[in-house]
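Chemist: Each chain, written out:
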Amino acid sequence: MQLKTMLFYSHPLELTRILEAIDTFLRIHLSPGLATLAEGILVGLLLLATYAMIALALIYIERKVAASFQARLGPNRLGKYGVFQSFADMIKILIKEIIQIKKADKLLFYVAPFFVIVASVLAFGALPFGMNLQAIDFNIGVFYLLAVSSLGVIGILLAGWSSNNKYSMIGAMRSGAQFISYELSAGFSLMTIVVLSGTMQFSEIIEGQRYCWNLFNGHLPAMIAFLIYLISGHAETNRGPFDLPEAESELTAGYHTEYSGLQFGFFYLSEYLNMFIVAAVAATVFLGGWMPLQIKGWEAFNQAMWFIPSWVWFFGKAGLLMFFSLWVRWSFPRLRIDLLLNLEWKYLLPANLVNLLVMVVVVLSGLTLTELFPALFGN
Amino acid sequence: MTEQIIFYLLALAITVFSILAVTSKLIVRSATYLLFVLLATAGLYMLLGYHFLFAVQISVYAGGIMVLFIMAIFLTHKPGTSVRTKRGWRIKSSALLSLAGIVLCGYIIITNGIRTYQFMERDGFTMQEIGSTMLGSQKGQYLLSFEMMSILLLACIVGAILIARKTKTTDHDTNETDQ
Numbered sequence: 002m003q004l005k006t007m008l009f010y011s012h013p014l015e016l017t018r019i020l021e022a023i024d025t026f027l028r029i030h031l032s033p034g035l036a037t038l039a040e041g042i043l044v045g046l047l048l049l050a051t052y053a054m055i056a057l058a059l060i061y062i063e064r065k066v067a068a069s070f071q072a073r074l075g076p077n078r079l080g081k082y083g084v085f086q087s088f089a090d091m092i093k094i095l096i097k098e099i100i101q102i103k104k105a106d107k108l109l110f111y112v113a114p115f116f117v118i119v120a121s122v123l124a125f126g127a128l129p130f131g132m133n134l135q136a137i138d139f140n141i142g143v144f145y146l147l148a149v150s151s152l153g154v155i156g157i158l159l160a161g162w163s164s165n166n167k168y169s170m171i172g173a174m175r176s177g178a179q180f181i182s183y184e185l186s187a188g189f190s191l192m193t194i195v196v197l198s199g200t201m202q203f204s205e206i207i208e209g210q211r212y213c214w215n216l217f218n219g220h221l222p223a224m225i226a227f228l229i230y231l232i233s234g235h236a237e238t239n240r241g242p243f244d245l246p247e248a249e250s251e252l253t254a255g256y257h258t259e260y261s262g263l264q265f266g267f268f269y270l271s272e273y274l275n276m277f278i279v280a281a282v283a284a285t286v287f288l289g290g291w292m293p294l295q296i297k298g299w300e301a302f303n304q305a306m307w308f309i310p311s312w313v314w315f316f317g318k319a320g321l322l323m324f325f326s327l328w329v330r331w332s333f334p335r336l337r338i339d340l341l342l343n344l345e346w347k348y349l350l351p352a353n354l355v356n357l358l359v360m361v362v363v364v365l366s367g368l369t370l371t372e373l374f375p376a377l378f379g380n
Numbered sequence: 082m083t084e085q086i087i088f089y090l091l092a093l094a095i096t097v098f099s100i101l102a103v104t105s106k107l108i109v110r111s112a113t114y115l116l117f118v119l120l121a122t123a124g125l126y127m128l129l130g131y132h133f134l135f136a137v138q139i140s141v142y143a144g145g146i147m148v149l150f151i152m153a154i155f156l157t158h159k160p161g162t163s164v165r166t167k168r169g170w171r172i173k174s175s176a177l178l179s180l181a182g183i184v185l186c187g188y189i190i191i192t193n194g195i196r197t198y199q200f201m202e203r204d205g206f207t208m209q210e211i212g213s214t215m216l217g218s219q220k221g222q223y224l225l226s227f228e229m230m231s232i233l234l235l236a237c238i239v240g241a242i243l244i245a246r247k248t249k250t251t252d253h254d255t256n257e258t259d260q
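These protein sequence lines map, in sequence, to chains A and B. Take the first sequence: its position 231, counting from 1, is numbered 232 in our numbering, and each next residue is one higher. Take the second sequence: its position 35, counting from 1, is numbered 116 in our numbering, and each next residue is one higher.
Next up, chain A with everything else stripped away, as it sits in the complex (with noise of 0.2 Å):
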């Protein structure tokens, strides 16, 4: 009780107190067995909605920070500088019709929408949002997000093959090639990182940037980890320079061409979503997480940065680095398809070999900035 008061006062607004109160409800109210099944939807339902509402928001930033770029204004007639737009376009494509395609496969073109979106959720499930805010704590962490993630593309190339049209067919394989070259340096950017801390566990690797950020600790390798990430991300979620799999230009919309209403909004959804997932991680993985700013020895400020809760720090983190992947957006021009896999094969993933060994000996030989100044940063 003692430790729950003190925890109350020095983070007034985490949201651990009344988890807990929920907690204790359920289990007076009902058996264990009941109570567990109740938290467990209630978790899930609260991790749908969040899904939708961070989309719903990440669709106007977007158009917003797009306008500014642009020198426009954006949506703005719907509420206060138009924030209820993506509500309205929501109803709308909630109430569009489903149109079935004569000659597709109809099983696949079904089913290819859920892939997608599952492969989103299932990764979104597992991030740490806040200070005890995490559904999973899995050992293995960071392998699952990749694991997971990498269900999606599957997704993509069957519902280009389905649709039965050319344009998504192409859209399709390029998105595929494109997903499966720079998964591999998403993976190799992470393993530089889960070496550099010692663990896959979410939990423990944001306990460990506790005083010195990874993206601080491993210096020079860790930040071409975490510039190779960055661009990896933006590949693997087919926006920024690299939106060829729907060059409208030439594919109409690529892989989703055919489909409409619903089944349209998935792909559109988990599009938004892989994105926010693609920051978190960066975030987590190399800005600290949701772990507030500390400097060690500091303790009034350590304090101090407490009563900003976690989970404002974790979407802060991760909306910057979503700022910076719109920023990407619209300052860069799309590549070729061939240049886009040549930067893959012959840029990224030798430099990411290389700097994984790089790291290995860093570690090895107690060249991170925790060892070196253990005064300064070390935990």
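FYI, nobody ran anything at the bench for these hints, they're computed from the structure. You can trust all of the hints, since none of them are fake.
From the structure, some residues in chain A lie toward chain B, with a derived Cβ separation under 8 Å:
(1) D106
(2) N140
(3) T200
All residues carry an ideal CB built from backbone N, CA and C; glycine is no exception.
Given the coordinates of chain A, assemble chain B onto it according to the supplied hints.
Modeler: This is chain B only, laid out in the frame that chain A set:
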């Protein structure tokens, strides 16, 4: 109780989709059913608490091999048309082969079952344990040397590509002027 319900659901999914994968006349659908079987198997690993194997199953089989399958099927001639079943010795020989496979797998599972069960008593492995087991050189720890052999395969593939490319260089040059 809950675990049993989940197990039966997964087992049902595995059985139904395995049968569908074999009986489907459309090759892309068959590949998709196979993917469902692999995903349900991953679910079984999750049920056992083998998180590492779960992730390996998904990323290697579902994310890697199935993507390769689907891509390869797309490259074949008219993947959308349904295939006619061939009668005769092919059915008989494949039935015999699968029977032999079942016998072999069953023998291995039964003889090794007791040993695996001893490992399963535990809750799960940490990443660190798996890492040291992979790189260790004690009994049952020779994974690295085993994996190193796969580099031989990689060398073979690279060599094959190189040989294949050499014969095509002249074709390529003439093609470039057309483009």
